[in-house]
Every structure is written in C-alpha cells, then in structure tokens.
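A.B. asks: Same order as they appear, the protein sequences are chains A and B. Numbering follows this note's numbering, in which position 271 of the first sequence is assigned residue number 271; successive positions increment by one, without gaps. Each number in this note's numbering comes from the position in the second sequence (counting from 1) with 1000 added on.
Quick caveat, the hints were computed from the structure, so don't treat them as lab data. What you are looking at is a predicted structure, and each value in this text was computed from that prediction instead of being measured. Where hints are given, some of them may not hold.
[What the hints assert, rightly or not] Here are some of the chain B residues that sit facing chain A, going by a computed Cβ distance under 10 Å: (1) M1001; (2) N1006; (3) W1010; (4) A1013; (5) G1026; (6) T1059; (7) L1067; (8) R1087; (9) L1102.
[Stated by the list, open to error] Some chain A residues near chain B, calculated using beta-carbon distances under 10 Å: (10) K45; (11) F46; (12) D130; (13) Q168; (14) P175; (15) Q180; (16) A187; (17) N199; (18) L202; (19) L221; (20) L225; (21) A257; (22) R272; (23) V281.
Here a beta-carbon is modelled for each residue, glycine too, at the ideal position from N, C-alpha and C.
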Amino acid sequence: MQYKDYYAALGVARDASEEQIKQAYRKLARKYHPDVSKEPDAEAKFKEVAEAYQTLKDPQKRAAYDQLGSHRPGEDFRPPPDWQQQWQGPFDEGSSFSEQVDLGDLFAHLGAGFARGARGRAQMSMPGRDFEVAVPISIEEAFAGTHIDLDLAMPEYDEHGRVRPVPQAFRARIPRGATQGQRLRLAGKGGRGFNGGRNGDLYLDISLRPHPIYRANGHDLYLDLPLAPWEAVLGTSVEVPTPGGAVRLKIPAGTQAGQQLRLPRRGLPRPRGEPGDLYAVVSIVLPREASERERTLYRELGEASSFNPRAHLSQEGSHAH
Amino acid sequence: MRIDLNEVIWLEAETLSFDELLERSGLPASLLQELVHAGSIEPLDPAAAPPQYGARALTAARRAHRLHQDFELDASALLLVLGLLDRLAELEGRLHELQVKLPRRLG
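One chain only, chain A, in its complex shape (with noise of 0.2 Å):
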C-alpha cells in the first residue's frame, strides 16, 4: 500500500488540533474546490485535499492514521501487524491488505465500518458512483462528430462493497452538434453498482480547444476578417474559410472597421434545429510600410477628401462649455 501524507496535503502538523485542521481545509477547499477554483488540475488537488479531510477531521480516524506511523509520500508500507486487527478486525473480517488496497479507500470505509460493519455493507445494495471527465476536442471536430479514446480509472465495488478504481478503456461517439459547455451522458457507463444497485452514469463534459482561426459562441463562429482600406471603401469578393469549406463573401462598399457580416448556417451544427452562424468581424488593416508611391496616393487622396473622422468630437466637444 501507497502512503500519503495527509498531514502535508493540508499544510498542518501532525499535532495540529481539530480547528487549525478545519481552518487549513476551509482555505484549500476555497482555492481548489472545482466548482469555484481557475487553479489547473484544481480537481486532483481538492481530492487530495478533500481525502486528507475526511480521515484526520474524524477522532477515531485519525487516531487509525496516526498508528500507521510517518512514511514518505508515495513509499509502499505495511501498517504494523496489529493495526487491522485493532481498527478493522471487528469489521472488515472479510477484506485483507493487498498492494492495490488505496488508503484514502481503506479510511473511507473504516468509517463504514465504525457505524455498521462489512457484513451490514455487504447486504446493502448501493449505487454506482456517477464519473465525470472532460473532454477536449476541436472545433472541427464538433462539426463533423467525432470519436474519442477515455483512459478511466471507473471506481468499482469490490465484493466487500470497497470502492475501488478500476482501468477501463473506452471509446466513445460525440455526435456532431456538440460545443463549449455541453455535457453528455452515457447512461450506467459510470462505475458499477452493488448489491443490485443501479449503475452510475458517465458524464463527458465538452470544452472547445483554442483555434487559430474560429472563435466559438455557443453554436456561432467568429472570424477576424481584415480589410484593406480600398478594399472596405468599394467593396470586395473574398474567400473566407469556414468548417464546411471556404465560401465567396461579398463585402458591401462601405464597410466600416468592427462591423459583423453574418453568414447563415455556417457555424457549428445544433444537435436538433439549425446550424450556428459565422460571422466574419471587419478590422480595417494598413500596410506596415507604403512606398513612395502609395503616400502620394494617399496625399492626394487627403486633399481630394472632405471626410472628417473627428467631427463628432469637436460638436461634442464644444457642447460640453
């Protein structure tokens, strides 16, 4: 068996008293609970943290813990020879150590045992545990669905009723509709029940990676679409890249810097009803550096313009005195 040192994934002594133990808690749960942290890998952080808890904030499993004596994290042990008999004996009769026995397991179920006993839980029927995992895929691969390979620790019962992970291979179908923030559900995919107990459901939670070119809004796509200044004046035909394939848009003389010119049904497709748009977004770009000739160009275009860029600051302006 693995030692953890739980003393250490709450940041306390191991003479600390119960309150600087729930004080500690209380600040990492703030900063790493996944429903409220940005930290990464936030999620296996709080179930270190949450595991730590949960063994050294209860008396009697803590005491269970502290006999095991202090080992390097991660160094294989065996707790000294009266210690099942002492804190599992009366219960888990059962059940006996192994190399796969997982710690934070063997304190989960000490505490089962405290309050009734491994024959009790082996009677009872409970259900599977629900297991969420996120999955990260690309904005072509939810236009077009895609498969994706899940390498899963499912946790499962053992016969005495321990949860236990187990590896599991999956391959999994996500249709085409699917974008940032969906989640599916693969009904009693997740780990199994005992005792008769339903089966647990796995949930795949769906976030869109970064793309060079797409930006994502719920079903609709964004583009950056930049424009020459001649090009926005008189209006164009450009090719614009789009997940079904590049399309021929036509910018309207005009068109001004920020302005969002839609096409229909070229974003992401919805699981039911129809597709998402695309918009390309106008930025009206300039050459880093003009020849001589385009600034004479330019020059006379200035002479020859009466348009003001400004007129509404200096009206604005002078309303304010």
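Since the structure of chain A is already known, use the hints to place chain B on it.
C.D. replies: Chain B in isolation, oriented as in the chain A frame:
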C-alpha cells in the same frame, strides 16, 4: 479492449421528474425541495404539473450536492453560493461573448 460507447444522450435533451432529479443529484430530498422552493433550481415550465426538470437543473443540483458535502453548507449558505456562482457564470458568459466579437488583435 476498448468498450464502444455509442448510446450518448445530450443532457440538454433530457427531462427529469423530481424523483429522477433527486436520484441523479445525490442531494437529500429536503434540501433539494428547499432549493426548488427558493427558485435556485427551476423546472422547465413553472406551470406544468408534475414539474419537469432539464439539464440546467441537474447541473445546478449536482453542483449543490458537491458544495453541500465539501463545504458543509446549509440551505441558506447554499442558496447564496449558488446564486453567486450563477451570476459569475452569467458575467463570464457575457465577457466571453464580447471577447469573441472583438478582432483578436484588440481582444
């Protein structure tokens, strides 16, 4: 060997009864009832009887269950936290919407 999973269900396409919501969320019945009464978890159609719940309600109820367990929150605290998290999600959604509409060099 890989197990093929083809029977996927869009969460958005499902409707659940109160009992199904209760079972799938893992919340104690009294707490779920309180969250529903307070409007923190809403049925799809408030006028429908019996009420049916959608993906939004299930996501909120599962989140409530995690927060209830992990922070030992009572109903009042849970209502406050869920309300603030909803507000945060709404603001993040608006910010995201504005960001995708800005040209990238300005965004």
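A.B. asks: A separate judgement is required for each hint: does it hold in the structure or not?
C.D. replies: Cross-check of the supplied hints:
1. Annotation: M1001 of chain B was flagged as interfacial toward chain A, and the flag holds, the nearest CB pair being 7 Å apart, inside 10 Å.
2. Residue-level restraint check for N1006 of chain B holds (minimum Cβ-Cβ distance to chain A is 5 Å; threshold 10 Å).
3. About 5 Å separates the beta-carbon of W1010 of chain B from the nearest beta-carbon of chain A, less than 10 Å, and the hint is met.
4. Checking A1013 of chain B against chain A by beta carbon gives a least distance of about 7 Å; that is within 10 Å, so the hint holds.
5. At a threshold of 10 Å, the smallest CB-CB gap from G1026 of chain B to chain A is about 8 Å, leaving the interface hint in force.
6. Taken as an interface hint, T1059 of chain B checks out: its beta carbon lies about 7 Å from the nearest beta carbon of chain A, inside 10 Å.
7. Evaluation of the L1067 of chain B hint against chain A yields a held restraint, the C-beta minimum of about 6 Å falling below 10 Å.
8. Here the hint on R1087 of chain B is broken, as its CB sits about 13 Å from the closest CB of chain A, past 10 Å.
9. At a threshold of 10 Å, the smallest CB-CB gap from L1102 of chain B to chain A is about 7 Å, leaving the interface hint in force.
10. Interface hint status for K45 of chain A: violated, as the beta-carbon distance to the closest one in chain B is roughly 13 Å, over 10 Å.
11. Given hint, F46 of chain A at the interface with chain B, holds; its Cβ is 8 Å from that chain's nearest Cβ, closer than 10 Å.
12. For the restraint placing D130 of chain A at the interface with chain B, the shortest Cβ-Cβ distance is roughly 8 Å, inside the 10 Å limit, so the hint holds.
13. The beta carbon of Q168 of chain A comes within 7 Å of a beta carbon in chain B, closer than 10 Å, and the hint placing it at the interface holds.
14. Nearest Cβ of chain B to the Cβ of P175 of chain A: about 6 Å, under the 10 Å cut. The hint holds.
15. Checking Q180 of chain A against chain B: minimum C-beta separation of about 9 Å stays under 10 Å; hint holds.
16. At its closest, the beta carbon of A187 of chain A sits 6 Å from a beta carbon of chain B; the interface hint therefore holds under the 10 Å criterion.
17. The closest approach between the C-beta of N199 of chain A and any C-beta of chain B is roughly 12 Å, which is over the 10 Å cut-off, so the hint fails.
18. Hint on L202 of chain A holds. Least Cβ distance to chain B is approximately 7 Å, under the 10 Å limit.
19. Interface hint status for L221 of chain A: upheld, as the beta-carbon distance to the closest one in chain B is roughly 9 Å, under 10 Å.
20. Annotation: interface hint on L225 of chain A holds; nearest CB of chain B at approximately 9 Å, less than 10 Å.
21. For A257 of chain A, the shortest C-beta to C-beta distance to chain B is roughly 8 Å, which falls under 10 Å, so the interface hint holds.
22. For R272 of chain A, the shortest C-beta to C-beta distance to chain B is roughly 7 Å, which falls under 10 Å, so the interface hint holds.
23. Given hint, V281 of chain A at the interface with chain B, holds; its Cβ is 5 Å from that chain's nearest Cβ, closer than 10 Å.
Going through the hint list in order, the structure does not satisfy hints 8, 10, 17.
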